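Peer 1: Residue numbers 1 to 409, in my numbering, belong to the letters of the sequence shown in order.
No lab work stands behind these hints: they were computed from the structure. Treat the hints with caution; some may be incorrect.
Pair ranges (Cβ atoms, derived) [claimed, not checked]:
1. Ala246 - Ile107: 28 to 38 Å
2. Glu90 - Arg371: 46 to 56 Å
3. Ser266 - Met296: 37 to 47 Å
4. Phe160 - Lys204: 13 to 23 Å
5. Lys204 - Gly142: 27 to 37 Å
Note that the structure is a prediction, hence the values are computed from the model and not measured. Here a beta-carbon is modelled for each residue, glycine too, at the ideal position from N, C-alpha and C.
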Amino acid sequence: MNAEFFIARRYLFSKRKISFITIISAISIVGVTIGVAAMIIVLSVFNGFNKKVTSILIGFDPHLRVEAVKSGKIENPESVMQSILACGVENAAPFTLTKGMLATKEINKVSFIKGVDDARIDKVSGIKKYVKYGSFNLSDDGEFGGIVLGFSLAGSMKVFIGDTLTIVSPVGLEYSLTQFVEPITKKFLVRGIYDSDNRDYDSKYAYISIDNAQKLFKLGGAVSGIEVRLNDISASDKIKLTLQSALDVTKYNVLTWYDLHSDFYSILKVERWTAFIILSLIIAVASFNILGSLTMTVIEKKRDIGILKSMGASDKMITRIFMFEGIVVGLIGMIIGSALGFSITLAQLYFKFYKMDASVYKIDALPVDLRAGDFIFVPLAALVLCFLASLYPSRRAAKLKPVESIRWE
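Let's have the full structure, built from the sequences with the hints guiding it.
Peer 2: Right under this line is the structure:
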């Protein structure tokens, strides 16, 4: 053990008496501990929510989507499909997405009507596994088409499996107003109800066959876009660049699952950084306590500093003594805080002691996700703040003159 560290430890953990400075140092350790633990826990919760939401989104949505840039419709879907499949993509399917009115005898509601290929939907979307009642069957039965509704949408329409409803096309409404003809409508039989754990989807989206959608909304052979699902979602950005180089970028736009929900992830990132900054203030306050306690230690140990200098101690040695003292405080708080944060987060992960109402939030407990980066970055950031807090009193101690220091006593 070198002399600087030995002296710093003696100043920090004096066995003879508990002084006011020792109490402030202890408070600093507690402050760093709480700050580090709180930051690790909060970041783990944000990671947990991010992971949970992402699993819902990618389980329901495609990994990539190809859309027309200007018209909003791809007129030659088969040609575009061939170009996509030629890039090594195995799973791709066309879809239509338009707004239409769902109507029963008592209720009318505007929603998104998505037309999909019943035979290929499970290759690009995981919606079938979310079907809670009935089945994902979009085939026609006489004059009735098959429709699958979101759980909240079915509730608001007051329909269940076997009930019928009518879709009124906005294209038909336009013609009916200008040419005094009946709007284009089609009756549908509710075949399935899905619950995706995403209220935005469950309350707004209904699925019908792509053939019925093209007829109902007068699309001809055109589609709204082509959805792609990959075997490895981490390759999304790479495949996006491949598709962009294969397709005419002036006509087609390629979006990843992240692009489709970029607004949501931007908000999540802002909230994460806001929480990080707020919790950093706890560590910052603890750092100011370290600065104050070290400054008072310098004043209290002025005579000791003078004696050390008269015995040949250099300015660097004096500086290191008080720097070590600040670093030791930060190190203790960092270790205890990391251990506390890890223990609480791990307990929540396995024992789920903080429960949530699954009927409201769709999850039974607060989600957490432990990431090595958080357990490295947060403690190191706390240690750096403690080190910076020790610079001023350390340099002040080094500037003291030996004769004046001893005479001061």
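Peer 1: If a hint holds in the structure, say so; if it does not, say that too.
Peer 2: Evaluated hints:
no., hint, in the structure
1, Ala246 - Ile107: 28 to 38 Å, "violated (45 Å)"
2, Glu90 - Arg371: 46 to 56 Å, "violated (31 Å)"
3, Ser266 - Met296: 37 to 47 Å, "holds (46 Å)"
4, Phe160 - Lys204: 13 to 23 Å, "holds (19 Å)"
5, Lys204 - Gly142: 27 to 37 Å, "holds (28 Å)"
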